[in-house]
Amino acid sequence: MLKFDIEKREGLARVGVIHTPHGDIKTPAFVGAATRATVKALTMKEMNELGSQAILANTYHLILRPGVELIQEAGGLAEFCSWHKPTFTDSGGFQIFSLPDVKITEESVKFKSHIDGANFEITPESSMQAQWAIGADIHMAFDHLAKSEDKKDMEEAMHRTHRWLDRCVEENQKLANTAKKNHEKEQYLYAVVQGGTFNDLRAESAEYCASKNPDGFGIGGVFTAEGMDVMLKTVNSILPEDKPRHLLGMGQEPLDLFIGAEFGCDTFDCVGPTRMARNGSLYTYDGRINIKNAKYTHDFTPLMSDCDCECCKNYTKAYLHHLFKTDEITAKVLASIHNEHFVVSVTDKIRQSILDDNFQNYKKTFLARYYH
RNA sequence: GCUGGAGUCGUCUAGUGGCAAUGACAAGAGACUGUAAAUCUCUCGCGCUUCGCGCUUCGUUGGUUCGAGUCCAACCUCCAGCA
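When you line the first sequence up against the working numbering, it's residues 1 to 372, in that order.
It should be emphasised that the hints constitute simulated quantities derived from the structure, not laboratory data. Incorrect hints may appear among the rest.
Said to hold, decoys possible - When the alpha-carbon atoms are kept at most 27 Å apart in a straight line, the in silico DSSO-like pairs for lysine-lysine are as follows:
1) Lys-212 / Lys-152
2) Lys-85 / Lys-185
3) Lys-85 / Lys-110
4) Lys-233 / Lys-332
5) Lys-45 / Lys-8
6) Lys-26 / Lys-8
7) Lys-243 / Lys-3
8) Lys-40 / Lys-233
9) Lys-85 / Lys-295
10) Lys-85 / Lys-152
11) Lys-332 / Lys-313
12) Lys-243 / Lys-174
13) Lys-8 / Lys-313
14) Lys-313 / Lys-233
15) Lys-85 / Lys-112
16) Lys-364 / Lys-45
17) Lys-151 / Lys-40
To be verified - The following label-pair restraints were derived from C-beta to C-beta distances:
18) Lys-181 / Lys-103: 32 to 38 Å
19) Met-1 / Glu-156: 30 to 36 Å
20) Ser-82 / Lys-364: 36 to 42 Å
21) Lys-26 / Gln-173: 26 to 32 Å
22) Glu-69 / Asn-119: 38 to 44 Å
Predicted, not measured: the structure shown is a model, and the values here were computed from it. Note that CB positions come from ideal geometry on N, CA and C, so glycine has one too.
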């Protein structure tokens, strides 16, 4: 069983430590999105230096390329990409939702590779097997997102997610038993709570997921912070306190992190910070700015004067502006360092503020300035 | 000086009688939440009461025509070849 120590509680919010075979994660924590076993534009050294504690890769993408066998051959995800800290994998379930031309049946999901059109099929069992081969510390159950916001669709998707969870749990147990027999390191399974914006469905899903006694929980199908507080309150009041909860895909907006932490989530992952960095949208305490805007041409001040990331300590906005306008690779590197550092450090500060009994004050001050 | 070719938005370019005029780049702005994203969208002659209207534009000046970036003439500039 995955070890999770809670140091402090404040309402639903908590500060804790997740102990994985690859080290500890002090929570709340922002997990870097490393979909294809890399955080786009960043080296693992840079990820380390900006303070990242963990990364999350995607099973779907790794099945397509390079194939999970290759990662297994490399000695697992951490060895393969040289990230010697905790790792997560997402199940590939999200791609059911996000890719076109996907055929979903009770048994499996069939799709064509977006790369070469080759036919693929994922089942809950094969997702578990793939994740064990990839070898991340924490796996997500193979879930199903609804095709619309319609309650009927939500309910159907949720129930399928639950049935698939049964299969994931069973398959995971087999794989865990085999690993134990072979004296291989442990890997852990998070069940994924669905139910969309319907709190009765969320409650039902949380109860079902909790009843399966997984190592932790993913909360999926969330796309905006609107209504997230109520939803998380519902879900996290039901989920067992002593297990970690990961809010899947949220964290592009600082508000997501504050709401998520306040209402009991321990880890977050989001592609937003690095994607926006590559597109020139950079975080500051006063909101996001587009560094490509002409007004930064002659701005020889750092992006943030009170940021200790490599980008802000060494470079000016004028320089970043120039790098973006000339489409230099370094533009994306520096911007990604900054944005990733921003969300990682904000989450770290949220952690500290809870420890200091200062969360509400920190939240109020931060959000008032950021969303002025 | 002669012969041939060319002059269209900041740049390169499409255009062979119905055109404020194609595409790309540049420029200006916006979007992005478990990454088919180093992506995508919008604006880009000027002015307005901006799902429209008016004005001025394709080297210059004239001409033919209901209508000219497109046809004709002269001139200017550039390129190539010959002197």
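Hints, one by one, checked against the model:
At roughly 24 Å between alpha-carbon atoms, Lys-212 and Lys-152 fall within 27 Å of each other, so this suggested pair holds. Of the pairs offered as hints, the one joining Lys-85 and Lys-185 holds, with about 14 Å between alpha carbons and a cut-off of 27 Å not exceeded. Simply put, Lys-85 and Lys-110 have alpha-carbon atoms about 33 Å apart, too far for the 27 Å limit, and the pair is violated. A distance of roughly 37 Å separates the Cα atoms of Lys-233 and Lys-332; the hinted pair therefore is violated under the 27 Å criterion.
Between Lys-45 and Lys-8 the CA atoms are separated by roughly 31 Å; this puts the pair beyond 27 Å, and the hint is violated. Proximity of Lys-26 to Lys-8 is assessed by CA-CA distance (about 12 Å); at most 27 Å being required, the pair is judged to hold. Under the criterion of a C-alpha separation no larger than 27 Å, the hint pairing Lys-243 with Lys-3 is consistent with the structure, at around 8 Å. Using a Cα cut-off of 27 Å, the hinted pair Lys-40 and Lys-233 is violated, with the two alpha carbons roughly 33 Å apart.
Restraint check: the Cα-Cα separation between Lys-85 and Lys-295 comes to about 40 Å, which exceeds 27 Å; the hinted pair is violated. Between the alpha carbons of Lys-85 and Lys-152 the distance comes to roughly 41 Å, so the proposed pair goes past 27 Å and is violated. Simply put, Lys-332 and Lys-313 have alpha-carbon atoms about 16 Å apart, close enough for the 27 Å limit, and the pair holds. In summary, the hint linking Lys-243 to Lys-174 is supported, as the alpha carbons are separated by about 22 Å, within the 27 Å threshold.
Simply put, Lys-8 and Lys-313 have alpha-carbon atoms about 33 Å apart, too far for the 27 Å limit, and the pair is violated. Of the supplied pair hints, the one linking Lys-313 and Lys-233 is violated, its CA atoms being roughly 39 Å apart against a limit of 27 Å. A threshold of 27 Å between alpha carbons decides the hint, and for Lys-85 with Lys-112 the separation of about 33 Å lies outside it, so the pair is violated. This hinted pair does not check out: Lys-364 and Lys-45 have alpha carbons roughly 34 Å apart, beyond 27 Å.
Between Lys-151 and Lys-40 the CA atoms are separated by roughly 36 Å; this puts the pair beyond 27 Å, and the hint is violated. Between Lys-181 and Lys-103 the C-beta distance comes to about 36 Å, which sits within the given range of 32 to 38 Å. Between Met-1 and Glu-156 the beta carbon distance is about 32 Å. The supplied range of 30 to 36 Å therefore holds. Checked against the given bound of 36 to 42 Å, the beta carbons of Ser-82 and Lys-364, roughly 40 Å apart, stay inside it.
For the pair Lys-26 and Gln-173, the supplied restraint of 26 to 32 Å holds, since their beta-carbon distance comes to about 29 Å. Our hint of 38 to 44 Å for Glu-69 and Asn-119 is violated, since their Cβ atoms are close to 18 Å apart.
Of the numbered hints listed earlier, those contradicted by the structure are 3, 4, 5, 8, 9, 10, 13, 14, 15, 16, 17, 22.
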